[in-house]
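Asker: Below are the chains, spelled out letter by letter.
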Amino acid sequence: MTTHTQTPLPAGLRERVLRAARDARAAGRALPETPDISPVEAFSRAADAFAGLLAMLEDGHWPIPVLRDLDVQGLVGHLTGVEDDVQRALAGDPDVARADHVASTQPLAEQQGGRPPEETRRAWRAAAERTVVRVRGRNLDAVVPVHGMRLPLRSLLVVRAFELWTHENDIRRAAAFAATVPDAATLRLMTALAVGMLPVGVARVADDLAPLDVHLVLTGAGGGTWDIALGERSARAVPEVAIVADAVRFCRLVADRIGPAELDAHVIGAAGDAATVLAGAAALALD
Amino acid sequence: MFAARLAAGDDRALAEAFDELGPAVHATALQVLRNSAAAQDVVQDVFVDLWCHPQRYDPTLSSLRTYLTLCARHRALDVVRSDLRRAGREERHQRLLPARPEPSPSEEVTDADTAAAVRAAVRSLPPEQRRVVELAYFDGLSYRDVAQRIGIPEGTAKSRVRLALAKLGHLIDRQLLEQS
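Sequence lines, in order, name chains A and B. This note's numbering puts the first residue of the first sequence at 852, with every later residue one more than the last. This note's numbering puts the first residue of the second sequence at 408, with every later residue one more than the last.
No wet-lab data here; the hints were simulated from the structure. Every residue, glycine too, gets a C-beta built ideally from N, C-alpha and C. It cannot be assumed that every hint is accurate.
Said to hold, decoys possible - If you only want the chain A side, here are some residues facing chain B, beta carbon under 10 Å, derived: (1) Pro861; (2) Arg867; (3) Ala881; (4) Pro1090.
What the hints assert, rightly or not - Distance ranges between label pairs, derived from CB positions: (5) Pro883(A) / Arg441(B): 18 to 24 Å; (6) Ala1112(A) / Cys459(B): 32 to 38 Å; (7) Ile557(B) / Ala871(A): 16 to 22 Å; (8) Ser469(B) / Arg1023(A): 37 to 43 Å; (9) Ile557(B) / Ile888(A): 44 to 50 Å; (10) Glu884(A) / Ser566(B): 53 to 59 Å; (11) Leu468(B) / Val953(A): 36 to 42 Å; (12) Ser566(B) / Ile1119(A): 36 to 42 Å; (13) Ala1112(A) / Asp465(B): 29 to 35 Å; (14) Ser566(B) / Glu980(A): 25 to 31 Å; (15) His1117(A) / Gln462(B): 15 to 21 Å.
Just chain B, same shape as in the assembly (with noise of 0.2 Å):
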C-alpha cells in the first residue's frame, strides 16, 4: 500500500515516511559521517530518491525501515569515499607541482595586476556569493566546511561558487583586457 501510495504521486505518504523514519536515516547518516551538514544531505537524497524511484522499494524482501537506513548507509560510505579519493588527488597533484622558479620583474608586475584584478572582480560580487568564494578560496574550506560555516546545504554552497566563478571569469576578462 505505501509504495503504491507514492507510485501514485502521494507526497502524503512521503511525509509520513518522513516523521517516521526520517530520525532512523539520519542516525545512521550522522553515525557514518560524524557531520551534521553531510548527513542532512544524506537524509535528502534517501528521501528524494525513495519519492523519484518508489519501485526500487520492494516490501517483500525488507521493511521500509530496513530499506532507508540501507540507503543512508551506502549513500554515506559513498560520501566517504569520495572525500577520500578527492583528498588523494589533491595531494597527488600537491607532490606533482613542480618547483615554481623566482618570478621575473615583469612577472611580479603583471601578477600584482592579476591580483588586485581578482580583488576587485570579488568585491564585486554579491554578498551571499563573495562570501563562499571567501570561505574556499582565500580561506581555503572544503565545500562542506563552507556549508557548515554559513548554515546552507553543501549543494547550495558548490552552485553558489560556480555562480560565481563565472561571473568573475568575465569580470577578471574584462579588467585585465582594459589594462592591457
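Next comes chain A alone, as it looks inside the complex (with noise of 0.2 Å):
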C-alpha cells in the first residue's frame, strides 16, 4: 500500500467504523466459519483418515523405515501402545502417568517384526475404536496424567489427534503418497490447543523469559488470530511481537516436523523474540 495526501478524516470516525466492523464480525475468529466439534470426534476423524491410509498401504511399504529406529509397522506398533496406554490412564492406572511416551510403546512397536502386516493394522483400529469408545460420554474436563503430561481429556484428545496427523504424513513421506492436511473444524482444535500450550513451550527454551506480548495470525482454514501474554507481567510497558504464518505449516512446527525457518513466517517485532516463541512452538513437539 502507498501513502497519498488526503483530507483529514473526521473526528471520530475511525474509532466508528473499527467498533461497527468488531460488532459485525468478533476478532480472532477465521472465516469462513467452521462448525465446532467435539474434541472426541476430531480424535475419531484423525484416527479415521489415519485408517484409510493404512487401508492404502501395499506389502513393500511396510518395512520402510519411518522415524527413529521404527518401520511403517513398528509405528503402527507404537501408536497401538499409546492407545494402550491411554485407556490405562482412563482406568486410573497410575504407571502410565510418568511413563517414556517411547519408551513406554517400544516393546509393542518391536513386536510388529515378522507379524503379517493386516495383523497390525487390524490390532491399532482395534485399539484406537476401543478409546473412542471409551472416552464417549465422559467428563472432557477431567485430568487425565499419561506419559509425563496431565491434561484436561478435551486437551488430550486433540494431542492425539495432532500425533495421528503426524505420524499418518511420517507415513505419507516415507512411502512418497501425497501430505493431507485436517479438515478445518479439527485443524482449529489443533491451533487452539498448540495456542495454548505456547507458554509451556517458549519456558522449556528460554528459563528467563522477559515480558512479551504476542500478537500471532495463522491463515488458511482451521486458523485464527490470538493475542498471547509471555513471561512475568509488570508495570512496565510489555514489548510486542506480531507473527503471520499459515496455520497447517504451524502445526507443523508444533510436530517438529519443519523447523522454525521452514515456517515461512512475516515477523512485525523483534526477530530475537519471535525466533525464542518460534522455538517454543517447535518445542511442544506434539507429534
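Assemble the dimeric complex from its two separately framed chains, guided by the hints.
Answerer: Given below as C-alpha cells:
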C-alpha cells in the first residue's frame, strides 16, 4: 500500500468504523466459519484418516523406515501401544502417568516385526476404536495423567489427533504419498490447543523470559488470531511481537516436523523475540 | 497476506487498512454525495463489508485502494439512487392524494383530541427520541438531515425514530382509549 495525501478524516470516524466492524464480526475467529466439533470427534476423524492411509498401503510399504528406528509397521505398533496406555490412564492406572511415551510403547513396536501387516493394522484399529468408545460420554474436563502430561481429556484427545495426523504424514512421506491436511474443524482445535500450550513450550527454551506480548495470526482454514502474554507481567510497557504464519505449517512446526526457518513467518517486531516464540512452539513436539 | 490476515480475524489488519485507505475511501464517497454524514456512513459500510467478507477482495485483480474506492463509489451511487427513488415516490404520493373535504364539526373535535394526544405523547418521550421525532415529523427533515443536525450517524437516527414511533403508538392508543 502506498501513502497519499488526503483531507483529514472526520473526528471519531476511525473508532466508529472499527467498532462497527467488530460488532459485525468478532475479532479472532477465522473465516470461513467452521462448525465446532468435540475433541472426541476430532480424535475419531484423525483415527479414520490414519485408518484410510493404512488401508492404502501395500506389503512393500510396511518395512519402509519412517521414524527413529521404526519402520511403518513398528510405528503403527507404537501407536497401538499409545492407545493401550491412554486406556490404562483412563482406567486410573498410576504407572502410565510417569511412563515415557517412547520407552513405554517400544516393546509393542518391536513385536510387530515378522507379523503379517494386516494383523498390525487390525490391532491398531481395534485399539483406536476402544479409545473412542471409552471417552464417549466421559467428563472432558477431567485431568488424565499419561506419559508425563497432566491434561484435561479434551486437550489430550486433540494432542492425540495431532499425533495421528503427524504420523500419518510421516508414513505418507516415507511411502511417497501426497501429504494431507486435517479438516478445518479439527485443525481449528489443533491450532487453539497449540496456542494455549505455547507458554509451556517457550518456557522450555527460555528459562528467564522477559515479559512479551505475542500477536499470533494463523492464516488459512482452521486459523485465527490470538494475543498471548508471555513471561511475568509488570507495570512497565511490555514489548510486542506479531507473527503471521500459515496455520497448517504452524501445526507442522508444533509437531516438530519443520523448523522455525521453514515456517516462512512474517514477523513484526524484534526478530529475536519471534525466534524464541517459534522455538518454543517447536519444543512442544506434539507428535 | 493482507486478505489472509483479515480472514484470520486479525482486526489490526483492518485498522492498518483504514489508516492507509480510509481518507481515500471517504474522499470518494464525499465526492459523490457532497454530504459528510452520508459519506461517513458509506465509509463504515465499505470497511465493515471488507472485514465481514474479505474473500470478495481479490488481490490478483486490483490493488486494495482500487477495490475499496470502487466499493465506496458504488455504495455512494446507490445512496443517491435510493434518495432519488424516495423523492419520486413522495412526489407521486402527493400528486395522487385526493383533495381533502372540509372537516365536519365532530371531525374537528376528534382531530383536536388526537393532536393533543400526540403532543402529550411526544412530550413524554426521552429527550433524544423526542428530538429526532420533532425534526423528522414536525420540521419535515430527512433522516440524513436529522442525523447531520444533531451529529449522529444516519442509522442511529433511523433506529431512534423507530423506537420513538413504537412508543408513541402505545401511548396515543392508551390516551385516546382513556378519553373515549
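Asker: Quick check on a hinted range of 44 to 50 Å for Ile557(B) and Ile888(A), using CB atoms only.
Answerer: holds (49 Å)
Asker: Please test the hint of 36 to 42 Å on the beta carbon pair from Leu468(B) and Val953(A).
Answerer: Violated: the Cβ-Cβ distance is about 51 Å, outside 36 to 42 Å.
Asker: Should the hint that Ile557(B) and Ala871(A) are 16 to 22 Å apart at their CB atoms be regarded as holding?
Answerer: holds (19 Å)
Asker: Can the hint on Pro861(A) be confirmed by a CB-to-CB distance to chain B that is less than 10 Å?
Answerer: Hint on Pro861(A): holds, closest Cβ of chain B at ~6 Å, below 10 Å.
Asker: Does the hinted range 53 to 59 Å hold for Glu884(A) and Ser566(B) at CB?
Answerer: The hinted range 53 to 59 Å is violated for Glu884(A) and Ser566(B), with Cβ atoms some 27 Å apart.
Asker: Does the Cβ pair Ser566(B), Ile1119(A) satisfy 36 to 42 Å?
Answerer: Cβ of Ser566(B) to Cβ of Ile1119(A): about 39 Å, so the range 36 to 42 Å holds.
Asker: Assuming the hint says 18 to 24 Å, is it satisfied by the Cβ distance from Pro883(A) to Arg441(B) or not?
Answerer: At 38 Å between Cβs, range violated.
Asker: For the hint on Arg867(A), does the least C-beta distance to chain B fall short of 10 Å?
Answerer: holds (6 Å)
Asker: Does 37 to 43 Å hold as the CB distance between Ser469(B) and Arg1023(A), or does it fail?
Answerer: 39 Å Cβ-Cβ, so the 37 to 43 Å window holds.
Asker: Quick check on a hinted range of 25 to 31 Å for Ser566(B) and Glu980(A), using CB atoms only.
Answerer: With Cβ atoms ~55 Å apart, the hint is violated.
Asker: Checking hints one by one. Is Pro1090(A) an interface residue toward chain B, by the C-beta closer than 10 Å rule?
Answerer: violated (16 Å)
Asker: The hint says 32 to 38 Å between Ala1112(A) and Cys459(B); measuring C-beta to C-beta, is that right?
Answerer: holds (35 Å)
In terms of the numbered hints stated before, the structure departs from hints 4, 5, 10, 11 and 14, listed from lowest to highest.
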